[in-house]
Each structure stands twice: as C-alpha cells, then as structure tokens.
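K.L.:
Generate coordinates for the entire structure from the input sequences, incorporating the hints supplied.
Protein chains in written order, with the working numbering: chain R, 1 to 431; chain G, 1 to 248.
Simulated from the structure, these hints should not be mistaken for lab results. Only true hints are included.
Mimicking EDC-like on lysine to aspartate or glutamate, the simulated pairs with C-alpha atoms at most 20 Å apart in a straight line are:
| # | chain 1 | residue 1 | chain 2 | residue 2 |
| --- | --- | --- | --- | --- |
| 1 | R | K266 | G | E75 |
| 2 | R | K266 | R | E256 |
| 3 | R | K266 | G | D70 |
| 4 | G | K56 | R | E426 |
| 5 | G | K133 | R | D18 |
| 6 | G | K110 | R | D274 |
| 7 | G | K133 | R | D259 |
Chain by chain, the residues:
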Amino acid sequence: MLRLIATIRKEWLLLLRDRAGLALLFAMPVVLITVMALIQDAPFKDYQEIKFDILTVDNDQGRLGRYIREGLGQSGQFNVIDSLGQQPLTAAQAQQLVAEGEYKISITIPKGATGEIVSNANKIVNDISKRMGMAAQLPVKAAAADSLAVQLYFDPAAKKAFKSAIQQALDNFLTQVQTDLLLERIQLQLRKRDSTTASDTFPAIKLKAVGLQETSIGAGKQIDVISNSVQHNVPAWSIFAMFFIVIPIAGNMIREREDGSLVRMKLIPGNYGDILGGKLLFFVGVCVVQFYLMMLIGIYGMPLLGLPRLQMGVDHLAGFITAFSIGVTATAYGILVGTVFKTPNQALNFGAISVVILSAIGGIWIPLEVMPEKIQAVGRLSPLSWGLDAINDIYLRNGHTRYILPDIARLLSCGLIMLGIAAWVEQRRTG
Amino acid sequence: MNSIVVKDLHKTYAGALVPSLQGLSFAFEEGRMVGLLGPNGAGKTTTISILCGLVKAGSGHVQIFDLPQDAAHREAIKRAIGVVPQQIALFPQLTALENLRYFGNLYGFKGKPLLQKIHHYLELFGLEKAASKEVGRFSGGMKRRANIIAAILHSPRLLVLDEPTAGVDVQSRSMILQFLRDYNRQGNSVLYTSHLLEEAQQLCEDVVIIDEGKMVVQGSPAALIQQHPHSRNLEDVFLHYTGHAVRD
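P.N.:
The structure is reproduced here in structure tokens:
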C-alpha cells in the first residue's frame, strides 16, 4: 500500500510540474468542448429549434392556403412570410429570393386550388350518393386540362433531409384539407337527406380516431431529453479528451525508461505491479476529474454561451462507473503505447493519431447512426463508442447501471487485455 | 562467503550478431572493493544487468552471497544489492528530497526514520542545501551524488556502480571515491566499473579485466603491474591484455 500511495504522490508531483501536460489534460478539453458545442449547435438545431423563414405566395386565397399558412405557423419551426414591405409577395419575387439564397424555401399555392379540392370532394360524394340511391347532386367543375400543384422552390444548398421534412409536412396539410373537405361534403349530403335533424345537433364526423403521443421510455423521472449540441458534444469530446491521456502517460513511461528511473524502480524489491497500479489509479483519477470538470462546464458554462444546459440523467452512480471505466481503458491504452514504443516521437504521434481515428469512427465527431453501415460496424469496435453509448444510455435514455453493464464490461475487458499485452511486451524486453 | 560468483556466463541479445558474454567467470569475497574493467563493448553493463536480475542470462550461473540469481531468490538479492546505474536514474522534475523519499517509500521506509536517513546522506554528499532543488537543475556532479544516495537508502551489503564518476568534476569525484572507501571499510562489498584506470588502481583491492565477453585477468592492481615488468601502471596492464585497437 505504501508503494502504491507513494507512486500516486509521485505522479501527482510530476503532473503538477508539467504545465504543458496539465494544459493538454484540462485547458484544451475545455476549449475543445466549448468550440465544438458552439460550432455544432446550428446543425443540431436544424430540425429542432431553429425557425426557418418560409415564403408563401397564396394565389388561391381559399381554405388550402389558410391551412398551409396556419399549419406551418403552428408547427413552431417556420416563420411564414407572405408579404414584403406591406405588399403581397408574388411568385416571381419568391423564386428570385430563394434563387439568391436569401431564403431556403418558397411555396406557391395556385389559384383555384381549394375550388379544385372541393370539386373533387363533391365528385366523390355524388358518386357515393348515386350508389346509395340518393338524388341530390353537388356541383362539380369540368375536368381541368392540367392538374393543379402546390409549387415548392428550395435553396439549391438545402440539405436532402430538410427538403424531405418540408415536403412531408406540406403533404400532410394537403391531405388534411382534402379529407376535411370530403368529410364536410358527406355531412352536407347527409343533412340534405335527413332534413328533420337540426344542423347543430348533427354529430360531427371525426376521422382521426387514433393519434400519436410521444412518451419517455427511460426509467427515471426526467422526460424529453433531446439530443442537442451540448448533450452530444460535451460527453463525446470529454471522452476524446480522456483518451488523450495516452500522450502524457506514454511520454512519462518512455522518459522513465530513458532516464533510467524505470530500472531503479525494478531494482527495488517488491512487486512492480504496485508501482504500475499506483500509476494506473492516479491517471484513472485524473480522467475522472477531467470528465466531471467537462460536465460542470456543460451544466454551468454552456448556458452562459446561450447553449442548452447539460442533463446528466438520473443515475449518477452509473455515470461515475462509466467515467471510471473509460478512464481505466484510456490509461491502459497509454501504458500499452508507452511500453510498446521506444521513443517519445513514435509514441506521441501514434497515440494522438490513433485516438483521433478511434474517435472519428467511434461516433465522437458525428453520431455513429449517420455513418455508412460498414463504418458503423467498425466504429462499434472503438472503445470510445462504448463509452459514448453508455453515457447516452444514462444521459439521454435515463438508463440505470444495468443498462450500461455490457459497455462497461467491454471497456474494462479491453483495458485488462491492453495491460496484459503491455506486461508481455515488457517481459520479453528484459529477456 | 563470496559476494559474487559468476560461472560460464553467456548472453546474446535478440537480433545481435555478436554475443555480449561468452563464458565469463569470476568471483570475489565479501567485503572486497573490486573494479570490473574492460573496453567499450566488453560486456561490463550486461554483466551488471545480469547480476542485478534486470537481464536474463542465456546460460551460466550467478550467485550473490551464495544465493542463486533466479526467480526464487530475486527479491532477497534485490534487498542485498544497491545499484548505481550509469544513467542518472532519478526524476529530473522532482527535487532531490522528493526523489529520495519516493525511492525510500518503495523500499518500505517511511516517516521520520526515512527523512533522517535522507538528510544524513544529503549532508554526507554535500547536497543538504540543494534538497529542495529539482534534480534536473543539478550540476553533473550533484546528479551523480544524488544517484548514489538513491542506491544506498536500504544499506545494501553489495554496492554495484556503473561508471559512477563519469563526467564529474574533481571535487565530486573525490567525495564519491572517499564515500566508496568508507562504505567498503564498514564491511560492505563494492563492485564498480570505470574507464578511469588510475582511479581504479587507487581504489580497488582487486580488478577483473574482461574483453569480448570473457574474463582476461583478475588480481590486485599491484600484483598485476608486478607480473608485467614493462607496465608502469594499471593502464599499461589493461592495454597489454586488451590491445591498442580502438573499440566502438
């Protein structure tokens, strides 16, 4: 125990005197998570919080135009703009503004669109009435030469997902208007047939019998934790920063080998495992402190920059176990790199580049789900992805310890395997 | 009792074309001050590494105070030996006191007794005023002296030194050599390597000259000089046995 504590104390003193190492471990990650959260705030908000201006030209002035304007406005994602400088917007102006990149989208509702929908509904109702032996016929327009369509103009730079979301929303509005009008016509026809029933007592026809409701599947109290820039970037880049501990550890080990202090430690009676254990515990502790420092920045620092506050789930013990396990794996990786490589240059270059690659494929930069399938399969082998997966289970899905056990088992097993390889390499070297 | 017995020691490092040791044998009694001498590449550092258990011998036999250097006796041998490596095996970012306290803790010493011991040696080696200075900022001589202290904190019966006076000034060398004489007078054994043959001649009771991984000759400096009438000193004896060809 004395050897273990002495080693922790020694590592603490060495770290305190290594200003560059301290900056790498603590200051750089703070800058990194702040910059990444700020930069990625906009892309994360694309479909969640950002309100887009949408140019609307209503040449119809009927129910369809009103439904579309109201529907877009009520969705909370769009500012409907239908006039410029007190003048109603024209289709040509709207196209021009989108083409110039001033706006992302314009919608033009053609003249007579509502009339066309009403006529179509009447035609359906007449057909039904005829089959039921009813005489009353609703007016139907003569068939138009060309079918009418709501025209959409997108900024050429608009993302595919954005375009598809808008198209889906508009398609919903169109279907809704057409359904409403059809039901209205049916109701009208039924009233004509049963003229004794007062119109105000006639039951309304309701089409939507079953709706959708989003509920939290997490076991905890917290609901509606949305993956935003802070929820993704703060834990993700904290894990990345924790793995960067490979650089000070590998540097420290190679220096010990080069300056002979490793030889001295090995010449002293007692198990070298105590010394290695002290080193491991110290750096795991540094990783955990680093992780919680970043989380504090997420909770208290991010809101000061106008970003959302980090939510840490309901099971804080699970969060600690995850941070500790990531720390063990990161430290073991540092010990392995420090053992295998002979010069600081080799170790530092390999360590830094390998962590960047592991983080890129492990979903730190962008979520794993948006990557190609093959990359996803490889990415799931990255310890950084196991760590991030466990953190997401706790922070976003309100998971408890049992949810994260598979990831924790993977992280700790990986750490133990790396320590085993390091011990084998060291043993071979002395032979 | 012999301090060290080395019998027919062989060692070839992985990937090396030439063996480092080719049947090296020598022995010396407890309480002696012995110099292990040889040109560059003769096998001195390999011999010391095998004696301390840092490197495994290819074949042969090593005994330290009658204990075979094997896995079963390694810990006991480590307790009996103090090693001063050629490198300054200290943490340059830590002060002398912090370094010595750490290595003392690794030996199992702690608290006031350890601090008293450290301060005693710092005073003995003229480093008491530099106790709180980082070792990386020490002069070459100060580093060498601190390096020796770290090896004797556990009062070993056998002190093994690999070129302990390389690159130090006259004052530091004098202090180190005086310490070695005193340490030896207390009944402890000392094995040291050096290229400074004049120093070895003054200091050692016995010298072992090795070359190309084999022992060439062993004896007291005076006896060896006497055996070779044309030799004025140990350097002449050394050149007689190892030749004048430059070694790399």
